[in-house]
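Visitor: Protein chains in written order, with my numbering: chain A, -11 to 241; chain B, 17 to 320.
Among the hints, a few may not be true.
[Claimed, not checked] Which stretches of chain B does chain A cover? Using the computed rule of at least three CB atoms under 8 Å from a CB of chain A, they are: (1) 257 to 267; (2) 289 to 298.
[As the list claims (entries may be wrong)] Short, incomplete list of chain A residues facing chain B, as computed with Cβ under 10 Å: (3) L176; (4) H194; (5) F229.
[Claimed, not checked] In silico PhoX-like pairs for lysine-lysine, Cα to Cα no more than 20 Å straight-line: (6) B:K155 with A:K241; (7) A:K198 with B:K217; (8) A:K198 with B:K155; (9) B:K320 with A:K146; (10) A:K147 with B:K320; (11) A:K109 with B:K263; (12) A:K136 with A:K63; (13) B:K217 with B:K37.
Calculated from the structure, these hints are not laboratory results. A quick note: this is a predicted structure, and the numbers were derived from the prediction, not measured. Don't be surprised by glycine CBs; every beta carbon is placed ideally from N, CA and C.
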Amino acid sequence: MADKITVGHVHMSGCTGCLVSLADNYGGLLTILDKYADLVYGLTLADVRHIPKMDVALVEGSVCIQDKLSVQEIKETREKAAVVVAVGGCACYGNITRFGRGGQPNQPQHESYLPIGDLIKVDVYIPGCAPTPQLIRNVCVMAYLLLKGNKDQQELAKKYLTPLMQLADRGTEACGCDLMYDVVNQGLCMGCGSCAAACPVRAITHEYGKPNVNREMCIKCGACYAQCPRSFFNFDVIPEFEGIMDAIDAALK
Amino acid sequence: MPLMRHSNEVREMAGELGKYKLCVSARSADKAILKKAQDGGIVTQLFKFALEEGIIDGAIVAGPGDEPWRPRPFIATTVEELMTSSGTKYNISPQVSWIKEATRSFGLDKIGIVGTPCQMQAVRKGQLYPVGLRDVPDKIKLAIGIFCMENFSYQSVKQLVEDHAAMKMEAVKKMEIGKGKFWVYGQRGQVVQLPLKVTHKYEQPGCHVCLDYVANLADVSTGSVGSPDGWSTVFVRTRNGDDIWSKAIAAGCFETKPIEQVKPGLELVTKLATEKITKNQKTVEERAKFGVNKGLRNPYLGPK
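Using the sequences and the hints given, assemble the complete structure.
Guide: Here it is, written out as structure tokens:
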């Protein structure tokens, strides 16, 4: 199985829900592990104690900067992985850990948490709390095609991953406010309702066709903006939905 | 056969009409559906057939809302519920807001959804890049797109009907944009037509960057332009759409005519699609230089 890529799961200050989402691909995950990827690291599932070299690191959780080991691990992840993927709202945007401010036993000084992109360069974002099994699956398949596929497959994988790479470039802050700053305020909202469907805490309703965000409920996961068809809409990929979904299905057969 | 060749040329043209396998002029064979339909009753008839055949177990449609002519998206799981959603409401109905809930508390496995071109784009983005839409990608079984030139806010429609057409919202039987006019039909038979020029400033601003007229990403898309009154122009686009459409035809759900044999036909559809896309493409480009050495975001280039 020399042609497989190597993948690791790195657990920072996360809840393991992102890993559960990966596992919720059921048979699909087993197919990925059979054909395309070796899981070389993942403390929840395997007994490898130290971060090895890997093609793709799936990192979940944010980084507590008062926890020396965590800071060391995220730096080591960047050194050891060719591609670093921030999986889930915490790794991408801080998410619920944005609200952390210390004062709890028995480490009351553990008060500052940053998304991994504030400490290392991140290549790809998979936002969402929880991220969807289907998007994690797609990124795994595309990462394989990018690293091991033929020229056409590499081209497709590059096109597919581009907006998720652009999200990583865009920054480490997210909030329901993004819908205001970068969609409504920019004259781009057309009232489709995607943001409300994507929100995991039902903080978004539509009043006369426009999003209304209850910011007291928002947990800053970034799902609404990423799902909005007016955040990114890549015409070189999405109109090919039929062929791409067929290709992913075929890869997992 | 010059007409046939013309149709193939249109099909091969850039993206104006999107990819499609088949284009016809059609109307429902069901009198009850036609009676309430905006045009040929295509959406209602196709969902009714799909519900009855078990192809879908529910459809997200635009039903009556809290105020007259204000749509409310809801999930119809019976033909009776479906029938309450006929007719075009020219203001925003956030259809996609129900797409995850349909797979949750409603427990649907096979979802139908109708919407404008941007809503079809949202559905396809949600299938390929599901961020907050777990389990949705595989459960979309019939996405019906309706042609759309632009949309309005509820307040805009109210302004047009009450101020410009001097009618009460609750007294309106039907609204229609066609033949270069905004038509308002009253319950008691009165008809008011407004030149489209007066409607322009009320358009939803987010529509001005839209590059899709005939719902290119739907399984089946339909609209009034190109076909005679009471009929619809229908594009059958995906393998899935083709499969369902063929079954509906075999079941006698629709009357059809080759699009080449109806007036004004695809030529007008292409003309309007080209106009919309050209105009909005220009808006998208102008946004890049909207300020002084600064511009506005372009979603087609990325999320930044």
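Visitor: Next, verify each hint and record whether it holds.
Guide: We went through each hint and held it up to the structure:
no. : hint               : in the structure
1   : 257 to 267         : violated (count 0)
2   : 289 to 298         : violated (count 0)
3   : L176               : holds, 5 Å
4   : H194               : holds, 4 Å
5   : F229               : holds, 5 Å
6   : B:K155 with A:K241 : holds, 18 Å
7   : A:K198 with B:K217 : holds, 18 Å
8   : A:K198 with B:K155 : violated, 26 Å
9   : B:K320 with A:K146 : holds, 18 Å
10  : A:K147 with B:K320 : holds, 17 Å
11  : A:K109 with B:K263 : violated, 52 Å
12  : A:K136 with A:K63  : violated, 26 Å
13  : B:K217 with B:K37  : violated, 37 Å
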